[in-house]
Each structure stands twice: as C-alpha cells, then as structure tokens.
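There are 2 protein chains.
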Amino acid sequence: MRKIVECVPNFSEGRRTEVVGEIVAAIKATQGAVLLDRESDADHNRSVITFVAPPERVVDAALAGARKAAELIDLNHHSGEHPRMGAVDVVPFIPISGVTMEECIALARQCGERMWRELGIPIYLYEKAATRLERENLATVRKGQFEGIRDDIARNPSRLPDYGEARVHPTAGITAVGARPPLIAYNINLGTSDITIATKIARAVRHQNGGLRFVKALGFELKDRGIVQVSMNMVNFEGTPLFRVFEMVRSEAERYGVPVIGSEIVGLVPQQALNAVADFYLRLEGFGEEQILERRLEAALETSTE
Amino acid sequence: MRKIVECVPNFSEGRRTEVVGEIVAAIKATQGAVLLDRESDADHNRSVITFVAPPERVVDAALAGARKAAELIDLNHHSGEHPRMGAVDVVPFIPISGVTMEECIALARQCGERMWRELGIPIYLYEKAATRLERENLATVRKGQFEGIRDDIARNPSRLPDYGEARVHPTAGITAVGARPPLIAYNINLGTSDITIATKIARAVRHQNGGLRFVKALGFELKDRGIVQVSMNMVNFEGTPLFRVFEMVRSEAERYGVPVIGSEIVGLVPQQALNAVADFYLRLEGFGEEQILERRLEAALETSTE
Chain A
6 MRKIVECVPN
16 FSEGRRTEVV
26 GEIVAAIKAT
36 QGAVLLDRES
46 DADHNRSVIT
56 FVAPPERVVD
66 AALAGARKAA
76 ELIDLNHHSG
86 EHPRMGAVDV
96 VPFIPISGVT
106 MEECIALARQ
116 CGERMWRELG
126 IPIYLYEKAA
136 TRLERENLAT
146 VRKGQFEGIR
156 DDIARNPSRL
166 PDYGEARVHP
176 TAGITAVGAR
186 PPLIAYNINL
196 GTSDITIATK
206 IARAVRHQNG
216 GLRFVKALGF
226 ELKDRGIVQV
236 SMNMVNFEGT
246 PLFRVFEMVR
256 SEAERYGVPV
266 IGSEIVGLVP
276 QQALNAVADF
286 YLRLEGFGEE
296 QILERRLEAA
306 LETSTE
Chain B
6 MRKIVECVPN
16 FSEGRRTEVV
26 GEIVAAIKAT
36 QGAVLLDRES
46 DADHNRSVIT
56 FVAPPERVVD
66 AALAGARKAA
76 ELIDLNHHSG
86 EHPRMGAVDV
96 VPFIPISGVT
106 MEECIALARQ
116 CGERMWRELG
126 IPIYLYEKAA
136 TRLERENLAT
146 VRKGQFEGIR
156 DDIARNPSRL
166 PDYGEARVHP
176 TAGITAVGAR
186 PPLIAYNINL
196 GTSDITIATK
206 IARAVRHQNG
216 GLRFVKALGF
226 ELKDRGIVQV
236 SMNMVNFEGT
246 PLFRVFEMVR
256 SEAERYGVPV
266 IGSEIVGLVP
276 QQALNAVADF
286 YLRLEGFGEE
296 QILERRLEAA
306 LETSTE
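Protein chains in written order, with our numbering: chain A, 6 to 311; chain B, 6 to 311.
Warning: the hint list may mix true and false statements.
Note that the list lumps identical chains together, so a pair holds whenever it fits in one copy or between two copies.
What the hints assert, rightly or not - Below, computed lysine to any residue pairings styled on SDA-like, alpha-carbon distance capped at 20 Å:
{"hint": "1", "residue 1": "Lys33", "residue 2": "Ala304"}
{"hint": "2", "residue 1": "Lys221", "residue 2": "Gln150"}
{"hint": "3", "residue 1": "Lys228", "residue 2": "Gly291"}
{"hint": "4", "residue 1": "Lys33", "residue 2": "Glu303"}
{"hint": "5", "residue 1": "Lys228", "residue 2": "Leu165"}
{"hint": "6", "residue 1": "Lys8", "residue 2": "Ala305"}
{"hint": "7", "residue 1": "Lys205", "residue 2": "Glu123"}
{"hint": "8", "residue 1": "Lys205", "residue 2": "Arg218"}
{"hint": "9", "residue 1": "Lys148", "residue 2": "Glu170"}
{"hint": "10", "residue 1": "Lys33", "residue 2": "Ala305"}
{"hint": "11", "residue 1": "Lys8", "residue 2": "Arg300"}
The hints are simulated quantities; they were obtained by calculation from the structure and are not laboratory data.
Can you make the complete structure from the sequences, with help from the hints?
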C-alpha cells in the first residue's frame, strides 16, 4: 500500500490572496506533495491548506509553507474572528494509508523541532503528539491567543514550549504541531422543522454530554428545506464509525416519531470509513480490504515495480 | 481516473502446470498487463486467469496468452468436467474504471478479429459483444462443445462464426470472446439448518424464477456450521446492487422467522459496489465518489503528471 500522510496547516491569512498563493506555491514546489484543497475565509482571516505527501516528504512540504508564512505574515497586524497564535497556527499530520498514528506523531515532532531550529518559531505539540495531558486540546493550548501568550509565556512555566525558548517569535508567534486521525464532517437530516429535536439528539450523541466518544454535534435548522439537521464532526471514525452514529441518531429520532430523511458527508471521506459501513450493514463475515479489486490491483502494481 | 480493463480468459488446461505457467508468463510479459489471480482445476481440466491492463494493452495481452495456448493445447486430447470448445475457451473483457461497456465491446471485437487473422481461430462474440440475440448466453454458444461444433459448423448456418470460416481450428477449436460487467460471488448465511428455506429464498430472489434480473442463486447447506446459505452470482452489480439483494433475502427469511446471520463476498469486489451499500444505508444526499479522499488524491496525481 502506498504510504500517504495528509497535512492540513492553518495559516493566519485569509484576505491577501497573493500571500496565500505564495504559501501554496511553496508547498506544491516540494517534490512529492500533492495539493488536495485550499480554503480561505476573509472574516476568519485564515486559510486551511490540505495536501498529502509520502512520509519522507511531508515535513519538508510543511516547512516550506511555514517558512513562506513566517516571511509574509506579521501577527502584530493580524485580526480576524478565528482564534490564532501563529502565522502558521496549527500543523496536524494525519495518517491516510500505510502509515500509523505513531509515525505521524514522530513526523509532528520532527516538524516541530525543525520549525524551531530553522525558522526560530517555538512549538507546542498537541493532540496525539502532545507531551502533556493539558496540551491534547488545541483550545487549551491556544488560550489567550498570540497577544496573551506573548505576554504570559516568560513568567508562566506551564506555557514553556516543547521546542524553543520561553518567548514567541516577534512576528510569526508560536505554532501548534500535532497528529490526529482524519476528521469527517457528517450531517443527518430529520423530517421535522422542530429545532429542539435536533438539539436534543445532538446532545444525546455527542461526547460532551455523555454520548459517543469521538463525536461533536450541534442542532441546526435548514430553513429553506423546512427541516432540521444534526451536524457532526467525527474526529476518529475508527473509534466511532459512521454507521453507529447513524443508527443512534435514527433511534433517538424515532423516540420523537421523526424519520431520518437523509445524511450528507461534507468534503472528503476516507474510503475505509465507507467500507466499514458496507461491512456493518451487509453483516460481512471475514471480509478483508485485499478483496477490493482496486486494492488488489494497487498491490499487484507495487509488487511488479519492485 | 486510470483506465483499467479486466480480462478473465479461460484455458482448457488445468493439469499440466508447466503449460499454464507458459500461458501466464506470456500474458505477464505484455507491457502494462498485471496478473491478479490464477486458478487451475484438475477435474475441470481448466484454468481461469485474471489480469488487468489499460485498454490499449489488454488485447495484446489476451492475444499473447491465446497464442501460447493454441501452441500447447490440443482439444483432440482434452477431457474434463467443464464444458469447453476451444484451447482458449472464453475471453471476456470487463470494464473496471474509466472505461465504458461500449469500449469493452470494441476491445472484444478487436481481439476476436485478431485471433482469427493472427492465430486462425474462429470466433463467436458473446454476452454484451454478441451480434445475435441467441449468442448472448455462453451456454447456448458452446452447446455441443468442441466435438459437436467441429462436426456441425459447416452444415449449420446458425453456427457461422463472427470472425473466420465455417470450420474449427484443428487443435485449438473455437473461442467465445465477449464483454460483460464484473461478477460478484455473494453468499448470505441464514440462522437455520433447514435447507428448504435457503432453496425457497434462492428461488424468490433469482432472475430465473421471477426475481431480480442480475441474480443467479442456489440454496446450500453449510453442514459444519449447522446453517444454510443462499449462494449467489451477481452478474451486474449496478443493475442489481448488493444492498437490494441483502434486503430482499432478509425480508424473505423473516417470513420464516429466520435471521440473516452474516454474508460473505467470495473473491474480489469492485470498490464501487461497496460504496453503493454505504450510500444506501446512510441515505446519503448528493454524495459523489470525488469526495473519497483516495479518489481525490488519484485525480490530483494524474493532473500533476499531465
């Protein structure tokens, strides 16, 4: 299986398209890096770049983007709705295929160490790469944002970065580098216009209130369709698979006599997440992904070129 | 999307492993051809070779295998349980990705024409490539087998081949070349030891008795597990998808108070067949395969190398 790591760096610039363009160009110029998506938001003043690369190239590509961002973005002149602490705000490494979470944690550490050594940007390790429990949660790490951390870091030992000294980079701030599973944005639509039902179901399924461990959920109205939606982030689809969430939402909705009328995957989904759904509903016995024709072909092509 | 055609030629030799080895070697030696599977059966005295190749190479590879088979197999000295009429008995072309059925029909005709011209083997076109309604069914085409066709072909106008004259090749016989969708071998296991229930359900779902158009089905006992099975060949998974068969078998079994305890896919399955299952059970709205991360990556890699 081809080894693929995804990297989704967030940059604190969503308005000057030429700056974002230069960052993207620097990433794409790295051998082996393939751009999958780029999204800039002017209100957030932030850009999210999605690329994949083989493990031996992914850190180089992330560094290339970070170097350009540190050159062109000055946090002293940055404002936007989204919380941020660095020109390169977060750099998550995500295992996609043929790669373990442990390898992605190692890549995050390697990236963090090089960002400090080569660019002088101090680094917090977060999520799966965190070295302290309280740094697993990005919101906790970023608390106070650029300005707050800049003023607090020298006198607060709990703020000491994983790489670097107790001061932020004067213009590029400080960056969180980490590893996490792929995230799936998944919404389930209910045949009612009653928002209180979507909200109650969101509370039932989400981790925060006692629900499924890897689910974040909110209730929303889809006014133009006259229905409501349970909108979710599935932060670990192996731990909490799509079908389990679907069945739980269906069961909760039934309690109100409300049908599930559809669901939607927003953006990208790993193939494995869909295969798990087919496996569950068909009650497959002893099925292996090597039985998928495309996988077998890929494996055969790899063998034949070795 | 990479253009991939599957070809599954059946050869009338399942005992002399060196002969099968030479045929397989000839196919593999064709640039672009990738062997996925090979199975030989001594009782049937027949080998089934599965390979894939891009459309512009697949006929060359099939020809290479056919040429070697015509050289090494003499039907006058062949016996086995499986019906056969040629050293190369059947050559189906199957669209896998980025290729239409029409293209596979064109490939089948090109292959048939070349087998006659280059190897002197007459050709019947069958299934989707058939030029006459009665040749869609392979069993009809092969009726009488090598010996029967050899003796009948000159005096029976309905036997006239699509390519070639009204006589079989003296040793290699005559070959059926065609195009068909991928086939999925799919079994559903029932929580009962009563074989009559599996047989009744098989009759309900299969085309032959009024069931689903692209399903062939039989009831079997799995004695060691003390259960029974509805064993199926899904001959067109786009026309009759896996989930529809599963739901129909479940509904029929319920009528006898019998649960579906599992199902199994035997051999290979196209990824698209599983994606359709996930789409159905999650009631996905507006989902496209370009949302699958691996597909997006493949598309991005193709664009970047163009």
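(request) Can you give me the call for Lys228 and Gly291, within, between, both or neither, at a CA distance of at most 20 Å? (result) between (44 Å within a copy, 18 Å between copies)
(message) Within a copy, between copies, both or neither: which one fits Lys228 and Leu165 at a CA-CA cutoff of 20 Å?
(response) neither (47 Å within a copy, 66 Å between copies)
(message) Regarding Lys221 and Gln150, is the shortest C-alpha distance of 20 Å or less found within a copy, between copies, in both, or in neither?
(response) neither (23 Å within a copy, 64 Å between copies)
(request) Tell me, please, which holds for Lys33 and Ala304 at an alpha-carbon limit of 20 Å: within, between, both or neither? (result) between (27 Å within a copy, 15 Å between copies)
(request) Please work out whether the CA atoms of Lys33 and Ala305 approach to 20 Å or closer within one copy, between two copies, in both situations, or in neither? (result) Between. Shortest inter-copy distance 12 Å satisfies the 20 Å Cα cut-off; intra-copy 29 Å does not.
(request) Classify it for me, Lys205 with Arg218: is the Cα-Cα distance of at most 20 Å met within a copy, between copies, both or neither? (result) within (17 Å within a copy, 44 Å between copies)
(request) First find the shortest C-alpha distance between Lys8 and Ala305 inside one copy, then the shortest across copies, and answer within, between, both or neither for a cut-off of 20 Å. (result) both (15 Å within a copy, 16 Å between copies)
(message) Reference check for the pair Lys148 and Glu170, CA-CA at most 20 Å: within, between, both, or neither?
(response) Cα proximity of Lys148 and Glu170: one copy only (18 Å, versus 84 Å across).
(request) Indicate which option fits the pair Lys8, Arg300 if close means a Cα-Cα distance not exceeding 20 Å: within, between, both or neither. (result) Both ways: Lys8 and Arg300 sit 13 Å apart in one copy and 15 Å across, limit 20 Å.
(message) My question is about Lys205 and Glu123: at a cut-off of 20 Å on alpha-carbon distance, are they close within one copy, between copies, both, or neither?
(response) Close neither inside one copy (49 Å) nor across copies (72 Å); limit 20 Å.
(message) At most 20 Å between CA atoms: does that hold for Lys33 and Glu303 within a copy, between copies, both, or neither?
(response) Only across copies: Lys33 and Glu303 sit 16 Å apart there, 25 Å inside one copy, limit 20 Å.
In this structure, the earlier hints numbered 2, 5 and 7 are contradicted, and the remaining ones agree with it.
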